[in-house]
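With chain L fixed as given, assemble chain X onto it according to the hints.
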Amino acid sequence: GAGVSQSPSNKVTEKGKDVELRCDPISGHTALYWYRQSLGQGLEFLIYFQGNSAPDKSGLPSDRFSAERTGGSVSTLTIQRTQQEDSAVYLCASSSDPRETQYFGPGTRLLVL
Amino acid sequence: AQKVTQAQTEISVVEKEDVTLDCVYETRDTTYYLFWYKQPPSGELVFLIRRNSFDEQNEISGRYSWNFQKSTSSFNFTITASQVVDSAVYFCALSEGERAGSYQLTFGKGTKLSVIP
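First to last, the sequence lines map onto chains L and X.
First residue of the first sequence? That's 1 in our numbering, and the numbers climb one at a time after it.
First residue of the second sequence? That's 1001 in our numbering, and the numbers climb one at a time after it.
This is chain X alone, in the form it adopts within the complex:
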């Protein structure tokens, strides 16, 4: 069965510090997709990134970067020079469809990030 673990429940950092959010996943499929979503206090889930299991290349988007390592089943998210607007709950999610066919998302419990000015 698929599973996503975000061991960090809450993290507090001071503005401009770098912070890494951890995500570990479990799956038996060889084809799967990994996602990060941001949920600000307003409540809406905002898509950040999608990676497929065949693409381990790390990605950088502005202050955000992602490190995907199949050897450790991890998909970690780093925010560089954090800002107050980064305060939110961040969810890591996994979808697989080879068996079930629906590609439903399995979410981790989320990490609440607070950036203190």
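So that you can see chain L by itself, here it is in the shape it has in the complex:
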């Protein structure tokens, strides 16, 4: 079956602009995660969704970051007023259950000029 898909694959934006990153999880997967990979910080957890439960936002670095998951499927990560330090690869992962293996999408490479 299809894996996790993310769009766009690359995004270049100017400092101060807002961006939206999209994630389509594997069909039927109830758990969805966002991570960020940057040279300085490695792989970091951002936010977690599980079914209709309130998301775990404990990894979001600032209030400029937000995410939503509509209908228990597609998720959008929004970064407002982007800064140069937001430049990174944003990875989405999904799993059939929180205890099970997380499968990753190809990522969105974000460059803030």
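Hints were generated in silico from the structure; no laboratory data involved.
Please note: incorrect hints may appear among the correct ones.
Unchecked claim - Straight-line Cα separation of at most 25 Å, DSS-like style, residue types lysine-lysine; simulated pairs:
#1 X/1070 x X/1003
#2 X/1003 x L/57
#3 L/57 x L/11
#4 X/1112 x X/1016
#5 L/57 x X/1109
#6 X/1038 x X/1112
What the hints assert, rightly or not - Derived Cβ-Cβ restraints for the label pairs, each shown as a range:
#7 X/1043 x L/14: 22 to 28 Å
#8 L/18 x X/1062: 42 to 48 Å
#9 X/1013 x L/20: 38 to 44 Å
#10 L/61 x X/1043: 17 to 23 Å
#11 X/1074 x L/14: 42 to 48 Å
#12 X/1012 x L/52: 16 to 22 Å
#13 X/1042 x L/68: 24 to 30 Å
#14 L/14 x X/1047: 33 to 39 Å
#15 L/83 x X/1007: 29 to 35 Å
A virtual CB, placed ideally from N, CA and C, is assigned to each residue, including glycine.
Here is chain X on its own, set in the frame of chain L:
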């Protein structure tokens, strides 16, 4: 707090050599899960293995093998007879959910493996 340490930043081996990638973890939970992921130059994280804390049995999959030892909090990964296609960054990761509930992955910094032909 959970933590994963991969002390080896970069390793170079000649093709057909065996290589072991080290992973040491810290957790206060009694139930947790350990993972290895491979990130080739293309960038996508590829799942390799998942172990739970109650299963210390070592695992072998083709040229890959994993040694899980709770006594030393280690989960090491060995590639036998390495090949050029094994060149990648390998990440060890830990998830625990008893406290936080989210089972988010905590990653090590990764080990970059270069296999020289």
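Hints versus structure:
Under the criterion of a C-alpha separation no larger than 25 Å, the hint pairing residue 1070 of chain X with residue 1003 of chain X is consistent with the structure, at around 15 Å. For the hint pairing residue 1003 of chain X with residue 57 of chain L, the CA-to-CA distance comes to about 19 Å; that is within 25 Å, so the pair holds. Restraint check: the Cα-Cα separation between residue 57 of chain L and residue 11 of chain L comes to about 23 Å, which is no more than 25 Å; the hinted pair holds. The suggested pairing of residue 1112 of chain X with residue 1016 of chain X holds, with an alpha-carbon distance near 17 Å, which does not exceed 25 Å.
Among the hinted pairs, residue 57 of chain L with residue 1109 of chain X is consistent with the structure: their alpha-carbon atoms are about 22 Å apart, no more than 25 Å. Pair hint residue 1038 of chain X plus residue 1112 of chain X holds up; C-alpha atoms about 10 Å apart against a cutoff of 25 Å. Between residue 1043 of chain X and residue 14 of chain L, the C-beta spacing of about 24 Å keeps the proposed range 22 to 28 Å intact. With their beta carbons about 46 Å apart, residue 18 of chain L and residue 1062 of chain X fall inside the hinted range of 42 to 48 Å.
The beta-carbon spacing between residue 1013 of chain X and residue 20 of chain L, approximately 42 Å, falls within the hinted interval of 38 to 44 Å. Range check, residue 61 of chain L to residue 1043 of chain X: about 22 Å between beta-carbon atoms, so the 17 to 23 Å window is met. With their beta carbons about 46 Å apart, residue 1074 of chain X and residue 14 of chain L fall inside the hinted range of 42 to 48 Å. One distance hint, 16 to 22 Å for the beta-carbon pair residue 1012 of chain X and residue 52 of chain L, is violated here, with the actual separation near 49 Å.
Our hint of 24 to 30 Å for residue 1042 of chain X and residue 68 of chain L holds, since their Cβ atoms are close to 29 Å apart. With their beta carbons about 36 Å apart, residue 14 of chain L and residue 1047 of chain X fall inside the hinted range of 33 to 39 Å. A C-beta distance of roughly 32 Å is found between residue 83 of chain L and residue 1007 of chain X, which places it inside the suggested range of 29 to 35 Å.
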